[in-house]
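Participant: Residue-level listing of the chains:
Number of protein chains: 2
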Amino acid sequence: METHVILVQIAVILVAARFFAEIASVLGAPRVIGELSAGIVLGPSLLGLVTPNDALQLLAEIGIILLLFEVGLETDMGRLVRAGGRAMVLALGGFVLPFLLGFGLCYYTFGLPLIVSLFVGGTLTATSIGVTVRILEDMGRQASREGEIVIGAAVVDDIMGVVLLAVLYDFSISGSVNVENTVKVILLVAVYFILAPVAAKLLAVVIRHIHETSEAPGVIPVALVALVLSFAALAHFFGAPELLGGFAAGIALSRRFFLPLGLTLHLDSSFNRKIGDQMKPIIQLFTPIFFVMVGLSLDLSAVDWASPFFWTFSLVIGATAIVGKVAAGLMVKEQRYVRTAAGMAMVPRGEVGLVFAELGRAADIFDNEVYAAIVIVIAYTTLLSPFWIKVYYRMYGQHFPPVRTAREDEPEPGARPP
Amino acid sequence: METHVILVQIAVILVAARFFAEIASVLGAPRVIGELSAGIVLGPSLLGLVTPNDALQLLAEIGIILLLFEVGLETDMGRLVRAGGRAMVLALGGFVLPFLLGFGLCYYTFGLPLIVSLFVGGTLTATSIGVTVRILEDMGRQASREGEIVIGAAVVDDIMGVVLLAVLYDFSISGSVNVENTVKVILLVAVYFILAPVAAKLLAVVIRHIHETSEAPGVIPVALVALVLSFAALAHFFGAPELLGGFAAGIALSRRFFLPLGLTLHLDSSFNRKIGDQMKPIIQLFTPIFFVMVGLSLDLSAVDWASPFFWTFSLVIGATAIVGKVAAGLMVKEQRYVRTAAGMAMVPRGEVGLVFAELGRAADIFDNEVYAAIVIVIAYTTLLSPFWIKVYYRMYGQHFPPVRTAREDEPEPGARPP
Chain Y
4 METHVILVQI AVILVAARFF AEIASVLGAP RVIGELSAGI VLGPSLLGLV
54 TPNDALQLLA EIGIILLLFE VGLETDMGRL VRAGGRAMVL ALGGFVLPFL
104 LGFGLCYYTF GLPLIVSLFV GGTLTATSIG VTVRILEDMG RQASREGEIV
154 IGAAVVDDIM GVVLLAVLYD FSISGSVNVE NTVKVILLVA VYFILAPVAA
204 KLLAVVIRHI HETSEAPGVI PVALVALVLS FAALAHFFGA PELLGGFAAG
254 IALSRRFFLP LGLTLHLDSS FNRKIGDQMK PIIQLFTPIF FVMVGLSLDL
304 SAVDWASPFF WTFSLVIGAT AIVGKVAAGL MVKEQRYVRT AAGMAMVPRG
354 EVGLVFAELG RAADIFDNEV YAAIVIVIAY TTLLSPFWIK VYYRMYGQHF
404 PPVRTAREDE PEPGARPP
Chain F
4 METHVILVQI AVILVAARFF AEIASVLGAP RVIGELSAGI VLGPSLLGLV
54 TPNDALQLLA EIGIILLLFE VGLETDMGRL VRAGGRAMVL ALGGFVLPFL
104 LGFGLCYYTF GLPLIVSLFV GGTLTATSIG VTVRILEDMG RQASREGEIV
154 IGAAVVDDIM GVVLLAVLYD FSISGSVNVE NTVKVILLVA VYFILAPVAA
204 KLLAVVIRHI HETSEAPGVI PVALVALVLS FAALAHFFGA PELLGGFAAG
254 IALSRRFFLP LGLTLHLDSS FNRKIGDQMK PIIQLFTPIF FVMVGLSLDL
304 SAVDWASPFF WTFSLVIGAT AIVGKVAAGL MVKEQRYVRT AAGMAMVPRG
354 EVGLVFAELG RAADIFDNEV YAAIVIVIAY TTLLSPFWIK VYYRMYGQHF
404 PPVRTAREDE PEPGARPP
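As you go down the protein sequences, you meet chains Y and F in turn.
Just remember that this note's numbering sits 3 ahead of the position in the first sequence, which is counted from 1.
Just remember that this note's numbering sits 3 ahead of the position in the second sequence, which is counted from 1.
Next up, chain Y with everything else stripped away, as it sits in the complex (with noise of 0.2 Å):
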């Protein structure tokens, strides 16, 4: 494609993704909405105005990879670790009660065969950590107790859905499990989580310091996005999800990190307050193209809307992709509210749930029915709940903990570059 006409896709797609989010806010609807919709009107299910491409895509995971960058910035190591166990738990069972609901019921209900069942179910355990994480954004409770409990939950929940999607695709071609590959890749990627934020926290002190010594500007926004791009390929090279790697640097590179055994590597807060303000711009740019590029994925218009087969199939599957995440979240041992709002932050699929189903159909497990069903289920979690999300906060917002205030994060007086 012709370098001036992707030109005018991006245009088009910062454009569509700032007005969308624009309506969506006035209509008091959280602002990922808007993107979303940006994308599913301008691609094939509408449009049909901008086709995905390679470029596009390339675009749209540096955006997420950023954006889990800057969660990771914003995240407090402390009381993610606090949160560990409670994640876990949300983790574990939003990813155990979807895939055996999502199962039984096509194996047993539906008739579905084995492994069209097997990828339904994992298709369900998907939760998609860019959505959660912008709606988490969008309501200001990113840094809330149900916030570092999700955000936790995420990342673990897209660790298992890459390793469930080996051994499901191992299944689907040999019939076996390849249990010493799992553990391999189970293996790799926890020492990836374990030396990831060492070496990104040692990287950051030799960053401050070219920073610090050269005679031209740029170090930040050129050594920062080197850094977390090649963090976002190494996590590849370990098995993980590419934007793991992102939120591996940007939890290195926050204020709260500390080094196992007590380690610590100081980089003063003023250096930490300029990375935020030079990255952001360039955050800010990517992350609206993912969430367009999620939208013009999910496409509709693949959608035979008078089969009742896809119908019925479509609701019960649908439900159940909440129910088993909301469920998860009650088994967290959390104040109701809390608990309530976490596993419903865990239901939007979004674009994990989208490479199951790209593969299921890729390898002609899906036949265009169950396809055209599960985009759907995808599509009504991850845009249906934001909303729900949003009136629960407006409902009960005042049972909840308050969040961290920001006053604690804020550096020394005169800590603020010139």
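Incorrect hints may appear among the rest.
A pair holds if it fits inside one copy or across any two, identical chains being indistinguishable in the list.
[What the hints assert, rightly or not] Within a straight-line C-alpha distance of at most 25 Å, the following computed SDA-like cross-link-like pairs (lysine to any residue) qualify:
hint	residue 1	residue 2
1	K187	A330
2	K187	H7
3	K187	A32
4	K277	E25
5	K187	T343
6	K277	V201
7	K283	V15
8	K283	D271
9	K187	E5
10	K393	E218
11	K393	A32
12	K277	E140
No lab work stands behind these hints, which were simulated from the structure alone.
Following the hints, position chain F against chain Y.
Facilitator: Frame of chain Y, contents of chain F only:
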């Protein structure tokens, strides 16, 4: 190509660009030399680590468009208009002289065929607006008297180059020149350059309004990048080079832009300052990719270093390339040092010369030997002239009129956003 490979490539390009730029800086050379050398080292000439691909080309193209946007943003239109006559002399002289000299030498001295000689002449007309601007920036001479003449001349040269390329391409296919088409292209480009800045200015007022009323951050990076990219695409549709669309948008948003007929649409300087602050990290991120890609495209492994024709031809044509542009500089009515520096700044052929050379090769007009010689001439002029210019400034710096100080550009006190 898979995403994680491209992510690694981007990271490698960014790190190498910075690393070589720092080395260049330590050695006293302009930083752009470092970025170009990074491309030569990473590319097919030496290591072959990175091969140009569509995704990297797109990022590079966005980089040069954004760099030209920044140049436009920092250009004082009044001064550009006042420098217009001298810029025109420099552009025309630097176009006609190298063309005639190059063509004459090829056709009469080296006895090359007519169309080959015309294409060599055409290649020599090029000015690398990107490298030229970066040299001026690296020397802190962007706002100098010769700086404004050179920027104006490089813009005009780029337009003439596109027209010449279309004419020569026509000629190589049909053996005749379509005058009507040529006039149409020129008129369309003229229309673009009259309308685009006005349209961009009107849109900027809309963007400022959205920026002030929107509840969510990120208006400036998203809206401005969309604006710049769509003006670049628009330039393409009008037959002008895309990067000049970035320049048109930049000049419209500069603090010293005025509409025709004395109309003014005021953008307060605090908004302008915000544009600069938020766009800078994005520009700093993308532009090194462009210069590395120029270096990558200079495939020196194609050169047969043992060929005597190659040496004679490339030395003679290389000398012509330099003499033609410097002589054009001397034709400008300016103080001796200013006009010499202006001529020298026009010497690098860079990416624009490569476009001619590539077309010549793709259309089978250049055989391998001529192509290799042309590439090496482009490399000479691109890599060596920044050195000479730096030496020239060091030797005669005291004879130049002072550069416009930054002070008159500063906003009113207190206009800085909190």
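Participant: Hint by hint, note whether the structure agrees.
Facilitator: Tested hints:
1. K187 with A330: Neither, since 31 Å and 68 Å both go past 25 Å.
2. K187 with H7: Intra 45 Å, inter 20 Å, cutoff 25 Å: inter-copy only.
3. K187 with A32: The answer is neither: 43 Å in one copy and 49 Å across copies each exceed 25 Å.
4. K277 with E25: between (28 Å within a copy, 21 Å between copies)
5. K187 with T343: For K187 and T343, the Cα distance exceeds 25 Å both inside one copy (35 Å) and across copies (66 Å).
6. K277 with V201: Cα proximity of K277 and V201: one copy only (21 Å, versus 35 Å across).
7. K283 with V15: both (21 Å within a copy, 22 Å between copies)
8. K283 with D271: both (19 Å within a copy, 23 Å between copies)
9. K187 with E5: Between copies only: 23 Å across, 42 Å inside.
10. K393 with E218: between (48 Å within a copy, 17 Å between copies)
11. K393 with A32: Within one copy only: 8 Å inside, 57 Å across.
12. K277 with E140: Both. Shortest intra-copy (21 Å) and inter-copy (24 Å) distances satisfy the 25 Å Cα cut-off.
In this structure, the hints that do not hold are numbers 1, 3 and 5, in rising order.
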